[in-house]
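Chemist: Chains Z and U, in that order, are what the protein sequence lines are. Residue 1 is where the first sequence starts when you use the UniProt record's numbering, and the numbers rise one by one after that. Residue 1 is where the second sequence starts when you use the UniProt record's numbering, and the numbers rise one by one after that.
Keep in mind that the hints are not guaranteed to be accurate.
Said to hold, decoys possible - A partial selection of chain U residues facing chain Z, derived with a Cβ cut-off under 7 Å:
no., residue
1, Leu17
2, Ala20
3, Asn23
4, Val37
5, Leu40
6, Thr41
7, Gln44
8, Met290
9, Ser318
10, Ala320
11, His325
12, Trp326
13, Ala330
Stated by the list, open to error - No farther apart than 30 Å at their CA atoms in a straight line, the calculated lysine-lysine pairs in the BS3-like style are these:
no., chain 1, residue 1, chain 2, residue 2
14, U, Lys336, Z, Lys2
15, Z, Lys329, U, Lys351
16, U, Lys329, Z, Lys2
17, Z, Lys197, Z, Lys2
18, Z, Lys356, U, Lys197
19, U, Lys356, Z, Lys79
20, Z, Lys329, U, Lys2
21, Z, Lys331, U, Lys79
22, Z, Lys2, U, Lys331
23, U, Lys356, Z, Lys197
24, Z, Lys197, U, Lys351
To be verified - Sample of chain Z residues at the chain U side, in silico, Cβ under 10 Å:
no., residue
25, Arg13
26, Met14
27, Ala25
28, Gln272
29, Arg285
30, Gly289
31, His323
Source of the hints: derived by calculation from the structure; they are not laboratory data. Glycine included, each C-beta is placed from N, C-alpha and C at the ideal position.
There are 2 protein chains.
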Amino acid sequence: MKVLVLGAGQLARMMALAGAPLNIAISAYDVNSDAVVHPLTQQQLGSGLANAIADADVITAEFEHIPLPILEQCQQSGKFLPGSDAIQAGGDRRLEKALLTRCGVASASYSVINNEADFKQAVSSLGLPLIFKSALAGYDGKGQWRLKEPTQAAAVWQQMADFLAADSKQAIVVEQFISFNRELSLVGVRAASGEVKVYPLTENHHVNGVLSVSLARQVNEQLQQQAEQKFAAIANGLNYVGVLAIEFFEVNGNLLVNEIAPRVHNSGHWTQQGADVCQFENHLRAVTGMPLGNTELLRPTLMINILGEDSAPAAILSLAGLHIHWYGKAKRPGRKMGHINLSANSLAELKARFAKLIDLLPAVAFPELEQMLGQISD
Amino acid sequence: MKVLVLGAGQLARMMALAGAPLNIAISAYDVNSDAVVHPLTQQQLGSGLANAIADADVITAEFEHIPLPILEQCQQSGKFLPGSDAIQAGGDRRLEKALLTRCGVASASYSVINNEADFKQAVSSLGLPLIFKSALAGYDGKGQWRLKEPTQAAAVWQQMADFLAADSKQAIVVEQFISFNRELSLVGVRAASGEVKVYPLTENHHVNGVLSVSLARQVNEQLQQQAEQKFAAIANGLNYVGVLAIEFFEVNGNLLVNEIAPRVHNSGHWTQQGADVCQFENHLRAVTGMPLGNTELLRPTLMINILGEDSAPAAILSLAGLHIHWYGKAKRPGRKMGHINLSANSLAELKARFAKLIDLLPAVAFPELEQMLGQISD
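With the sequences and hints as input, model every part of the structure.
Modeler: Printed below as a string of C-alpha cells:
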C-alpha cells in the first residue's frame, strides 16, 4: 500500500516509521519544492504532484496550510483523506468556527474582521478582553493580537490593518478571551465506516505560545466523555477519516473548543510509548481502510518538545521509560527538532522520573519544566 | 551518526526503524550484490564495501555467515562491533563450542568430524543418540542429521560424507542429543564499558526446526540468574559490544547452551512491544556508545513468526495488544515474511488474546498454535 503525504516534515517521517511494519510505503510531497521524497531518508523519489497522485493508493496530509489548487487536485483524485474540506477547516479559522457552530460544539464567541468597521463592531458586541487571530496560516502564537484596554484599540487595529493590507486573502477572527483552567487536547481517529476511537485527554503546557509538554494520564471520566462527544460531533460533521486533534480550554469543568487540527498532532506524540497503537499508525490504518487500533492508555506518559536544539545530554537515555525522537532536521532557533517521551507505571513514578530528567536537562533549552512538574495534580 | 550493517534483511530494516528516532542513519551492505542500500526503502545508496566502510561511523552485522575477507576488511577499519571474532564464533560451530569451553559455560559434549575416523570415534566416545550439525552456515534446521540406532550409522555417515566432499571448508560438529524440557533464549546487550543488561528469558517453540513462537513473561528467578551468569561469561569472554542472543536447553532446571547468535535475534522481536527499550535500539545504543536502555519486561508478550505468507486476516488488527511487523519481502515458501507481537497486562489476559488470535489465523499457515497455547503454564 502506498500513501502520499502532503508535507515532508516530522509528522510524515513518523508516519513512515509507523507505516513500515504494516508494509505501508510513505512518500512525501514537499509543497514548497514540488519534490516527492522519502520522509525518512529525504531521498528524492520523483517530482511533480500529478505523478505522485497517480502513483499513490491513498493521499493524506501532515499540515493544513496547503494552497487550495493543491488540495483541489488531490480531492479530484478521489484518494484524498481526510479530504479537502477537513484540511481547509483546519487551515482557515473562519471555516473552523463555522464548522463548530454547524456541529453544535461550544467555542468562544467570535466574529470575522475584514476592515475597521468589523473591528469596531466586534469590540462593541463581544466586549474586552479580546483575542484576534489571523484566519490563515497562524499557529504557535504567530499572527495573534490581544486587546485588553479600550485605550489600546487604535494601536492594535493599526497592526491588524497592516497585516490585512499585506494579504488580500487574509482575515482576522476575533474571539472573546477565555480565562481557562487548563488546556487539554483530544486526539482520536475515525474510520470510513464511522467508527471512532479516541485517546485519553492530554494536558498541554505552552511556553511563549508553543507546546512544551503534554501529559497523558488516567482521565477524569466526566471530562473525557464531554470531549468524546464533541470529537464525534465534529468528526461526523466532516465525515472525517483519519486522526483528528481537538484543542480545548477547560473552564470550570466545561470544555470549549480552541481549535482543531485535521491531522496527527504534537499533543499526540506521547502515544508512541504511552498507548497501545500510536496516532501515526492509527491514522494510516484509518486512511488505508484497516481496522482501527486500540487507543487505550498503556501507562502514564509525558511528552517534552525539543525546540531549537540538536542534541541532548546522553545521560537522559539511561532513565527507565525514556524515549527520544529526533526529526533529523537542521538546527534553527525555536524549531521543533524532536521530542522526549517519558513513561512510568504510575503517576507518582512518572513525576519522580520527570524530576530526574529535569535535573539532567539544561534549563535554558527546556524552560519552565519545574513549574510544570509542580502543577501535576495527584 | 551513520551505522553500516552487513546484511540488508529484516534485522537491518528493524534497526533502521529503531535508529531513526535516535538520528542514527542505517545503510545496509548486501553481501551478495555488493550494493549498499537503505534497508527500509531498498533504494541504492552506493556500492562497494570500501566506500561504505569509509562513510560509516560504526559497522555492525545482522547475520553471522559472512565471508572471512569481508569480516577482515571491516575489522581493519577499527569501526566493527561486535567485531570479527564474535561474528565468526556465531558462524562456525567449531569456534562456538571452543568459546563455550573457554568461558566455562556448559553445553552438550561434542567433537568435530572431518572424516570417517572422526565419525567412528565420536559415535564410540559420545554414545547414541547423537545430533550432527554442519560447522558453517546451518540454521533453521538445515544441515542437520540425527543418529539414534547403530544400524543407521552407515547411511547417516554417507550423507555427511557427501556433504563434506562438496565443501572443503565445512566440518561437522557432533553433540550428544539433549533431552530437554524447554528451549529458552536470553537476549542481552553489552556496552564497551562492560555494562551488561539482559531481557527476561524467552520461551521458544519451533515447528520443523524453525522458530514459530517466543513467549516473554515474568521469569523464574533462579533460571534467569543462571542465564545471566552464562550471558556475562560469554559476552565478557568475547569483549562483546552489542546485542547477543543465547539459546538454551532447559534440562531439569539447568541451562545448557545450544547456540549463540552475535546479533539481534528472532527470539527478541517481542521486545518491540514487550520491553521498555527494544533489542534493535539497544544494539544501536551499544555499538554507537550511547547508554544502554532499560531491558525490563513491560508486559507479557508473545511473538509469532509469519512464514511464507504475505498477508494476514485484517481482523487480527482489531485485537488489543496486537502489532504486526511486515518485512516488505517477496513471498517465498517458508520465508520469514514478518511477525506478530501480542501483548497483555497479565499472562491470563495474554492467553485469552492468543486464543482469539488463533481463531482468526488460518491454521495451515500458522500450525500448532493451539498446542503452544495449551503448553503455557500459569
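Chemist: Please go over all the hints and tell whether each is borne out by the structure.
Modeler: For each hint, the structure was consulted:
1. Leu17: holds (6 Å)
2. Ala20: Holds. Min distance 6 Å.
3. Asn23: Holds. Min distance 4 Å.
4. Val37: Constraint on Val37/U not satisfied, violated at 11 Å.
5. Leu40: holds (6 Å)
6. Thr41: Constraint on Thr41/U satisfied, holds at 6 Å.
7. Gln44: violated (10 Å)
8. Met290: Since the shortest Cβ distance to chain Z is 6 Å, the answer is holds.
9. Ser318: Holds, about 4 Å.
10. Ala320: Nearest chain Z Cβ about 4 Å off; hint holds.
11. His325: holds (4 Å)
12. Trp326: Trp326/U check passes; min Cβ-Cβ to chain Z is 4 Å, inside 7 Å.
13. Ala330: Result: violated, 12 Å to nearest chain Z Cβ.
14. Lys336/U to Lys2/Z: holds (22 Å)
15. Lys329/Z to Lys351/U: violated (43 Å)
16. Lys329/U to Lys2/Z: Roughly 15 Å separates the two Cα atoms, so the pair holds.
17. Lys197/Z to Lys2/Z: Distance of about 24 Å is within 30 Å: holds.
18. Lys356/Z to Lys197/U: Cα-Cα ~21 Å, so holds.
19. Lys356/U to Lys79/Z: violated (33 Å)
20. Lys329/Z to Lys2/U: Holds, at roughly 15 Å.
21. Lys331/Z to Lys79/U: Since the Cα atoms of Lys331/Z and Lys79/U sit roughly 28 Å apart, the hinted pair holds (cutoff 30 Å).
22. Lys2/Z to Lys331/U: With Cα atoms ~18 Å apart, Lys2/Z and Lys331/U stay inside 30 Å; holds.
23. Lys356/U to Lys197/Z: At roughly 21 Å apart (the allowed maximum being 30 Å), Lys197/Z and Lys356/U satisfy the hint.
24. Lys197/Z to Lys351/U: holds (25 Å)
25. Arg13: With a closest approach of 8 Å, the Arg13/Z hint holds.
26. Met14: holds (9 Å)
27. Ala25: At 8 Å from the nearest chain U Cβ, Ala25/Z passes the 10 Å test, so the hint holds.
28. Gln272: Holds. Min distance 8 Å.
29. Arg285: Holds - the Cβ of Arg285/Z comes within 10 Å of chain U, reaching about 7 Å at its closest.
30. Gly289: Holds. Min distance 8 Å.
31. His323: Given a least distance of 7 Å, the restraint on His323/Z holds.
The structure does not agree with the numbered hints 4, 7, 13, 15, 19 stated previously, though it agrees with the rest.
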